[in-house]
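Protein chains: 2
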Amino acid sequence: METKAEFSPLLDTDTPLYMQVYNYYKSLIVSGKLPPKTKLPSLRHCAETLGISRTTAEGAYLQLCADGYILSKPKSGYFVTDLYFHAPRPALAPQAEKPAAPLYDFASLSVDRESFDFNLWRRYLKSALRQDERLLSYGEVQGERDLREALAQYLAEKRNVVCRADSIVIGAGVQSLLHILCAVLHDKKTVAFCDPAFLQGRAVFQDHGFTIREREADAQIFYVSPSHMDRRGDVMPTDARIALLKRIAARGTLLIEDDYDNEFCYFDRPAPALQGLDGGRHVVYIGTFSRLLLPSIRISFLVLPDSLAARYREIAPLYNQTASKAEQIALCQFIRDGHLAGQIRKVRKLYTQKARLLETAVREAFGKAADVRLRETGFVVQVRLRMPLAADDLEQRARKAGVSLRAENDANGACTLFLACSGVRASDFPDAAARMRAVCLLQDTETPT
Amino acid sequence: METKAEFSPLLDTDTPLYMQVYNYYKSLIVSGKLPPKTKLPSLRHCAETLGISRTTAEGAYLQLCADGYILSKPKSGYFVTDLYFHAPRPALAPQAEKPAAPLYDFASLSVDRESFDFNLWRRYLKSALRQDERLLSYGEVQGERDLREALAQYLAEKRNVVCRADSIVIGAGVQSLLHILCAVLHDKKTVAFCDPAFLQGRAVFQDHGFTIREREADAQIFYVSPSHMDRRGDVMPTDARIALLKRIAARGTLLIEDDYDNEFCYFDRPAPALQGLDGGRHVVYIGTFSRLLLPSIRISFLVLPDSLAARYREIAPLYNQTASKAEQIALCQFIRDGHLAGQIRKVRKLYTQKARLLETAVREAFGKAADVRLRETGFVVQVRLRMPLAADDLEQRARKAGVSLRAENDANGACTLFLACSGVRASDFPDAAARMRAVCLLQDTETPT
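Here the protein sequences line up with chains A and B, keeping their order.
Numbering of the first sequence is given in this note's numbering, commencing with residue 11 and proceeding in unit increments.
Numbering of the second sequence is given in this note's numbering, commencing with residue 11 and proceeding in unit increments.
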């Protein structure tokens, strides 16, 4: 084996020579060039071959022994151990190719680039990063107290949510909080979801041994996102909210209200939170800032009823905080300075404008081929086609034409498209509308240029 | 009821008048001043009392109806609903007062202020925050690919860990990752912990329905932190590591190696990771940056064996990423630029110096009353007292004297203190040593001034 050429001590002057020898042999062992049970050269031979002193060679061999790469057998020398796994590792199956992002995405409620003032947020985060002493310690397990206080005030004022800083738990994303909530709710066993497609919520409850029930009436816990009851983004009207609260109070069900996106559902102003309507007795409220500010900000929160807040306190030391402390500090000041309320006003205004522009663009493209109207909620444009088309097939063909959208057939077979305006630039609406028209009228999907 | 005085429309010119009327009644209802079933003034009376138009009053009442605060009963008027809970809420029991932080903390391995270059980290985070487009989207569920690639390379070079970017999962803290790991390991049922005091790990496994076994041999999973086998911070020597790997391979046990703090355990260089010694076949490796960089940075990672990585891929879409995307982007560049390796070198050097200074300070204070020596690992000074003392009692009295420390009695009743140097400033060592001496020699705990 030609080994000398690979050992080039002069290339690395920072590492002690004996460690260079160590690394050299280690790489030969780990790569399988020196298989298990191979005898290493004697110390004298090693020193001569590599042009080093015997002491240096001995230092390297001792370290190789200490780290389990070689064994010293008295009177016979040094041998490579059989611990390392030298066979080539089977390659993982290649990850499934992600489908290319659609050119125009009317299906996801992604955030609009114009909606967020990055410079402003950066300023708050920079200011948080200057708090050296605070960042040197672990944060409160429940979340930073000042953020919880600012949140409690904000929620009481803007969302009718009945809460105190003590009943709020901060976490990095809804799932982190559901893990804690499942531990708090350990005496319950069954849960039902208003939206059965909320797989990430189901997964956490199942992981914690809960049984998923199909019907609200059969479960001890009912999980509802009043502003996203289904894939069309239907919002629960106030009378349905009140009826639901009466049902769960009568049955003793615990309600989990995931207030995801509620702020953005109404052109005018959001519907009242179930938690507030209930007086905070039977409802756990969950909110998140990922959609309100930036998807990359992972801060969400739970508001617990008093009985559960007391139970949370008992187990709190067992659960670490997951949210970034710097981002918590920044967000606290951001809320205190009124920017959260301002951000919501700004986004609502932006989306209102965009939804109207989209409505106009689609109406102009489809003409008499569809009945186009703006839904009251969700900044969604609803396009009821006058020709019968299969919704699944239409979604797929639209996707091929670069447009991601949701379509649905009603009982009579009529097909309706639901277009969320937030994820597409307004300047792209005309082109997107032309593509959709071509797909729906079974024309060539390339738009005329 | 004197209500007019409270309604001051001129104070708030941004809110439409009808919403001011709405807010005014809402506050009366929510505060209980207008109890359930109370009849509201007629529209005409309301308009007259508040000095507004009838249309404005009607707008406010309609919104109150829509939001569930009042009900309209045909031909009889508007009534407060009975949904709101007006009784004063029982106050939560006050949170237990946290014990005051000790003046000198030799018990926790908290991070040294001098150990971290804040300005450097701030620069990386600021640079990450400039990547507007990237921050506008949700990140990869497994963690940012470029960070996983940088980590894989770092771990292979510095920790002998056998891994690829594909087998790494990023998360906000060890618990977030254990939740995912428990879902991946769903076919196993039992787990044992090398350190039974690791309550936060036990909690997650118990939440997922695992049974905790006392003995390694009785469990399908064995959780070990080789650099923190117990409260004294004992480190597992290399021969014990090899023996453990042979045992688990023979039994088919899965090992979880929580490599917490390993980089800081040795004056010279850390012991090889079990994962690498095993060739990554039966070991799940967990690492974290909270202690290496800043406690407030919540980035940890799992390295999965191939079989588990394949299983993770199947369920990955069910589990959101919890770590801050901005911090992931910053950390990736920080590692690529070699600062992680530099940081470890810097901290190790700092702690080596401090441990020696602490050894000297304690030796001078105790004189012949104790046998003081530096442990080989963990930057811990070990103080073996020559007088018999009960460790528990000693810990409590030290705490009263402002010093937090760990003490242990051996089988012969001899008492040994274990002092970690990282959390106390070197300039405080003489005062802290004097206080400890006073506690051990049962003198007045106030140091002479």
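Incorrect hints may appear among the rest.
Since the list gives no way to pick out one identical chain from another, each pair is judged satisfied if it fits inside one copy or across any two copies.
Claimed, not checked - Result set (BS3-like, lysine-lysine): computed pairs, CA atoms no more than 27 Å apart in a straight line:
| hint | residue 1 | residue 2 |
| --- | --- | --- |
| 1 | LYS356 | LYS136 |
| 2 | LYS378 | LYS198 |
| 3 | LYS43 | LYS256 |
| 4 | LYS168 | LYS43 |
| 5 | LYS83 | LYS49 |
| 6 | LYS49 | LYS256 |
| 7 | LYS359 | LYS410 |
| 8 | LYS47 | LYS256 |
| 9 | LYS85 | LYS256 |
| 10 | LYS359 | LYS256 |
Please keep in mind that the hints were generated in silico from the structure rather than gathered at the bench.
Just so you know, these numbers come straight off a predicted model, no measurement behind them.
Hint check:
Proximity of LYS356 to LYS136 under the C-alpha cut-off of 27 Å is found in both arrangements, the shortest distances being 23 Å within a copy and 25 Å between copies. In this homomeric assembly, LYS378 and LYS198 never come within 27 Å of each other (Cα to Cα): the closest approach is 54 Å inside a single copy and 61 Å across copies. Within a single copy, LYS43 and LYS256 get their C-alpha atoms only as close as 73 Å, which misses the 27 Å cut-off; across copies the closest is 23 Å, which meets it. Taking CA atoms no more than 27 Å apart as the test, LYS168 paired with LYS43 passes between copies only; the shortest distance there is 20 Å, against 67 Å inside one copy.
For the identical chains of this complex, LYS83 and LYS49 are intra-copy neighbours only, at 10 Å inside a copy versus 96 Å across copies, given an alpha-carbon limit of 27 Å. Taking the shortest Cα distances, LYS49 and LYS256 sit within 27 Å of each other only across copies (21 Å), while inside one copy they are farther apart (79 Å). Within a single copy, LYS359 and LYS410 get their C-alpha atoms no closer than 32 Å, and across copies no closer than 59 Å, so neither meets the 27 Å cut-off. When the C-alpha separation of LYS47 and LYS256 is checked against a cutoff of 27 Å, the pair qualifies only between copies, where the shortest distance is 16 Å, while the shortest distance within a copy is 74 Å.
Taking CA atoms no more than 27 Å apart as the test, LYS85 paired with LYS256 passes between copies only; the shortest distance there is 25 Å, against 85 Å inside one copy. Taking the shortest Cα distances, LYS359 and LYS256 never come within 27 Å of each other, neither inside one copy (34 Å) nor across copies (65 Å).
This entry does not satisfy hints 2, 7 and 10, going by the numbered hints stated previously.
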